[in-house]
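Trainee: Sequence:
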Amino acid sequence: MKTKIVTLLLVGVLASGCVQIKNDMSNNFDHTFAHVVYFWFKSPDSQVDRATFEASLTKFLNNSQYAKTKFIGKPPKATRDVVDDSFTYSLILSFESAEDQVAYQTEAPHLVFIEECEDLWEKVIVYDSEGIVQ
1 MKTKIVTLLL
11 VGVLASGCVQ
21 IKNDMSNNFD
31 HTFAHVVYFW
41 FKSPDSQVDR
51 ATFEASLTKF
61 LNNSQYAKTK
71 FIGKPPKATR
81 DVVDDSFTYS
91 LILSFESAED
101 QVAYQTEAPH
111 LVFIEECEDL
121 WEKVIVYDSE
131 GIVQ
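Under our numbering, the first residue of the sequence shown is numbered 1, with each subsequent residue one higher.
There's no promise every hint is true.
Claimed, not checked - Label pairs and their in silico Cβ distance ranges:
1. 132 - 52: 34 to 40 angstroms
2. 46 - 132: 36 to 42 angstroms
3. 77 - 114: 26 to 32 angstroms
4. 81 - 51: 29 to 35 angstroms
5. 78 - 98: 30 to 36 angstroms
What the hints assert, rightly or not - With a cut-off of at most 30 angstroms between alpha-carbon atoms, the simulated DSSO-like pairs for lysine-lysine come out as follows:
6. 123 - 42
7. 42 - 77
8. 59 - 42
9. 123 - 74
10. 123 - 59
11. 59 - 74
12. 123 - 77
13. 59 - 77
14. 68 - 123
15. 68 - 42
16. 42 - 74
For the record, the hints were derived by calculation from the structure and aren't laboratory data. Where is the CB? At the ideal position from N, CA and C, for every residue including glycine.
Can you make the complete structure from the sequences, with help from the hints?
Mentor: And the structure:
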């Protein structure tokens with residue numbers, strides 16, 4: 001029971017900061033390979049920068065042929081010391097294989113997104129993981 005409550009709370013927190021991507025596959029999380037990216041903006045309070053980033057990232061993800069799950073998030077107000085809410089945006093993607101993730105790195109929509117937005121961020125951290133349960 002306790003696990004279900006914690007899971008529901010986490011889902012609610014993540015969903016509250018999500019910008020939806022229009023894609024029929026967006027709810028099919030593939031446990032094979034996860035790609036998690038955190039962005040820290042140079043000017044995190046700039047609404048213009050945020051709008052530019054969200055539009056470019058959404059366009060990119062709607063045109064990616066490799067990314068399956070597509071989640072764009074922003075940090076909720078942290079209520080515990082163990083929560084790092086210092087980032088501006090997060091991106092969580094899943095892929096059918098590590099090879100698809102490698103191909104995604106050089107696909108045209110991804111490269112256009114980087115070109116359009118790289119001047120907005122001061123730091124990016126990526127965490128890639130291969131699933132242990134299929």
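Trainee: Evaluate each hint against the coordinates.
Mentor: Hint check results:
Distance hint check: the CB atoms of residue 132 and residue 52 are about 37 angstroms apart, consistent with the given range 34 to 40 angstroms. As the Cβ distance of residue 46 to residue 132 is approximately 40 angstroms, the hint placing it in 36 to 42 angstroms holds. With their beta carbons about 29 angstroms apart, residue 77 and residue 114 fall inside the hinted range of 26 to 32 angstroms. Roughly 32 angstroms separates the CB atoms of residue 81 and residue 51, a value that falls within the hinted 29 to 35 angstroms.
Roughly 32 angstroms separates the CB atoms of residue 78 and residue 98, a value that falls within the hinted 30 to 36 angstroms. A C-alpha spacing of about 8 angstroms is found between residue 123 and residue 42, which places the hinted pair at or below 30 angstroms, so the restraint holds. Restraint check: the Cα-Cα separation between residue 42 and residue 77 comes to about 20 angstroms, which is no more than 30 angstroms; the hinted pair holds. A hinted pair counts as satisfied when its Cα atoms are at most 30 angstroms apart, and residue 59 with residue 42 qualifies at roughly 22 angstroms.
With a C-alpha separation of about 15 angstroms, the suggested pairing of residue 123 with residue 74 holds against the 30 angstroms cut-off. At roughly 22 angstroms between alpha-carbon atoms, residue 123 and residue 59 fall within 30 angstroms of each other, so this suggested pair holds. A threshold of 30 angstroms between alpha carbons decides the hint, and for residue 59 with residue 74 the separation of about 18 angstroms falls inside it, so the pair holds. Taking the CA atoms of residue 123 and residue 77, the gap is about 20 angstroms. The hint holds against a cut of 30 angstroms.
At most 30 angstroms may separate the alpha-carbon atoms for a hinted pair to count; residue 59 and residue 77 meet this at roughly 27 angstroms. This hinted pair checks out: residue 68 and residue 123 have alpha carbons roughly 25 angstroms apart, not beyond 30 angstroms. For the proposed pair residue 68 and residue 42, the alpha carbon gap of about 29 angstroms is at most 30 angstroms, so the pair holds. With a C-alpha separation of about 15 angstroms, the suggested pairing of residue 42 with residue 74 holds against the 30 angstroms cut-off.
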